[in-house]
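Residue numbers (numbering that gives the first Met the number 0), protein chains in the order written: chain A, 0 to 163; chain B, 0 to 290.
Calculated from the structure, these hints are not laboratory results. As the structure is a computational prediction, the values presented were derived from the model and not from experiment. Where a beta carbon is used, it is the ideal one built from N, C-alpha and C, also for glycine. Mixed in with the good hints there might be a few duds.
Simulated pairs of lysine-lysine, DSBU-like, Cα-Cα distance not exceeding 30 Å [said to hold, decoys possible]:
no. : chain 1 : residue 1 : chain 2 : residue 2
1   : A       : LYS130    : B       : LYS92
2   : B       : LYS1      : B       : LYS31
3   : A       : LYS13     : B       : LYS92
Covered stretches of chain A (in silico footprint by chain B; criterion: 3 or more residues with CB under 8 Å from a CB of chain B, positions within the stretch not fixed) [stated by the list, open to error]:
no. : segment
4   : 16-24
5   : 83-94
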Amino acid sequence: MSTRQTIRLTVNGKSYEREVEARLTLADFLRHELHLGGTHVGCEHGICGACTILIDGRSARACLTLAVQADGADIITVEGLRNRETGQLHPIQQAFVDAHGLQCGFCTPGFIMTTLELLGENPDPSDEEIKEALGGNLCRCTGYQSILDSVRLAARRLQSASAA
Amino acid sequence: MKPAPFDYHAPTSLADAVALLARLDGDGCDAKILAGGQSLMPMLAMRVARPDALVDLARVPGLDAIRLQDGHIAIGAMASKRAAELSELVREKQPLFHAATRLVGHQQIRNRGSVGGSFAHSDPASEYPAVALVLDMQMVAADPDGERVIPADEFFVTYMTTALEPGEILTEVRMPVLPTGSGWAIQEITRRNGDLALAGVALTLRLEAGRCTDARIAAFGVDATAVRLTAAEEALRGAVPNGESFARAGATAAAALADPMSCIHASADYRRHLVGTLIERALAEAAARAH
Numbered sequence: 000m001s002t003r004q005t006i007r008l009t010v011n012g013k014s015y016e017r018e019v020e021a022r023l024t025l026a027d028f029l030r031h032e033l034h035l036g037g038t039h040v041g042c043e044h045g046i047c048g049a050c051t052i053l054i055d056g057r058s059a060r061a062c063l064t065l066a067v068q069a070d071g072a073d074i075i076t077v078e079g080l081r082n083r084e085t086g087q088l089h090p091i092q093q094a095f096v097d098a099h100g101l102q103c104g105f106c107t108p109g110f111i112m113t114t115l116e117l118l119g120e121n122p123d124p125s126d127e128e129i130k131e132a133l134g135g136n137l138c139r140c141t142g143y144q145s146i147l148d149s150v151r152l153a154a155r156r157l158q159s160a161s162a163a
Numbered sequence: 000m001k002p003a004p005f006d007y008h009a010p011t012s013l014a015d016a017v018a019l020l021a022r023l024d025g026d027g028c029d030a031k032i033l034a035g036g037q038s039l040m041p042m043l044a045m046r047v048a049r050p051d052a053l054v055d056l057a058r059v060p061g062l063d064a065i066r067l068q069d070g071h072i073a074i075g076a077m078a079s080k081r082a083a084e085l086s087e088l089v090r091e092k093q094p095l096f097h098a099a100t101r102l103v104g105h106q107q108i109r110n111r112g113s114v115g116g117s118f119a120h121s122d123p124a125s126e127y128p129a130v131a132l133v134l135d136m137q138m139v140a141a142d143p144d145g146e147r148v149i150p151a152d153e154f155f156v157t158y159m160t161t162a163l164e165p166g167e168i169l170t171e172v173r174m175p176v177l178p179t180g181s182g183w184a185i186q187e188i189t190r191r192n193g194d195l196a197l198a199g200v201a202l203t204l205r206l207e208a209g210r211c212t213d214a215r216i217a218a219f220g221v222d223a224t225a226v227r228l229t230a231a232e233e234a235l236r237g238a239v240p241n242g243e244s245f246a247r248a249g250a251t252a253a254a255a256l257a258d259p260m261s262c263i264h265a266s267a268d269y270r271r272h273l274v275g276t277l278i279e280r281a282l283a284e285a286a287a288r289a290h
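This is chain A alone, in the form it adopts within the complex:
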């Protein structure tokens, strides 16, 4: 009932309580209040997908979500993917490295978070399904072919890991 609100939420497994301005976007909250700079802010009106995160297990644009809307939510950002004990990159992150899925890297967190949801729902997507899923993310280096290769590689590795 005012311009400031107290929110409680979980980000990458850690609980936070903060007072925020109602107009603060979740992307800016993650970057400026929690100092998690992996969630990139590109267009700030829902077109580019660089700010894609998972909210309660579902991909979402952090720039099109207010921090106050995330009260009570469970958030995963790209910082939450690396194995905390071993320090190893997540298989999707490693696949993007190995298949040259990143050029300048600005769009990469968004692509990786979108891929995380895609492969969680559909472990063996067709090229068409991958393209449709990635359709909401823009790469300003236009390195789409190697991003597609990276998702295919990640899918193969995750499948053989779960089969093992």
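Put chain B on the given structure of chain A with help from the hints.
Okay, now just chain B, sitting in the frame of chain A:
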């Protein structure tokens, strides 16, 4: 590209929400409803909208149900588009609405964007208003005095404007189950998969004894609201469903478009051409399904 300041309210019942809206309106406060936020947030970020207050419906229970009721599919206004997309009920009983939902934005948008939000936002390039006209959908709106049902052909007024009064909340949309034997299709041209349409058409088609007995056709992305294309519907009545009659219906619709929108991405003539071509394609697709 940051929203201007606003007061934030998160009522926890529909009664509280409508009472709050009435009070804010009485105080001369410009309040906007926040549903999924996927259309409102860009407007706030670009400051096209600068409301004094947002009323977030996320904590109002019971607005996200998807159910079959009295032969209609009723979708709560706060149901996410992703929920509508994944609903077996919607996919089986009203495949046109299912297909339209799959064309709205990208999965990241559909995960959070609400079904009701799109109807209330009433973007002329969005798929839902055209589908609402084709299916003769009904919109349920609540205010402190109760609820009223608004038919789709009265609901969409002009660009981003609906028949909803300032204190009203859209609570549910209702659509008939697709009759057996009806064909349907939705086709659009976008600059990028998932973006708003430069032009699109949605239609249903009924065939009996080798003739078209009924067609309902609407276009989106061409005018201030979605438009019914009655001349093309008439042109089909009694026609043998084939490439020739479908092309004639498309040409009739294109000729009947009074003054299509024009912008840097698509001229009025190009939009007119798209509508004709899309109708031809969509009718062929619908006819193949009409058995």
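Status of each hint after checking the structure:
no. : hint                 : result
1   : A:LYS130 <-> B:LYS92 : 28 Å, holds
2   : B:LYS1 <-> B:LYS31   : 17 Å, holds
3   : A:LYS13 <-> B:LYS92  : 43 Å, violated
4   : 16-24                : holds (count 4)
5   : 83-94                : violated (count 0)
Hint compliance for this structure: hints 3 and 5 are not met, and every other hint is.
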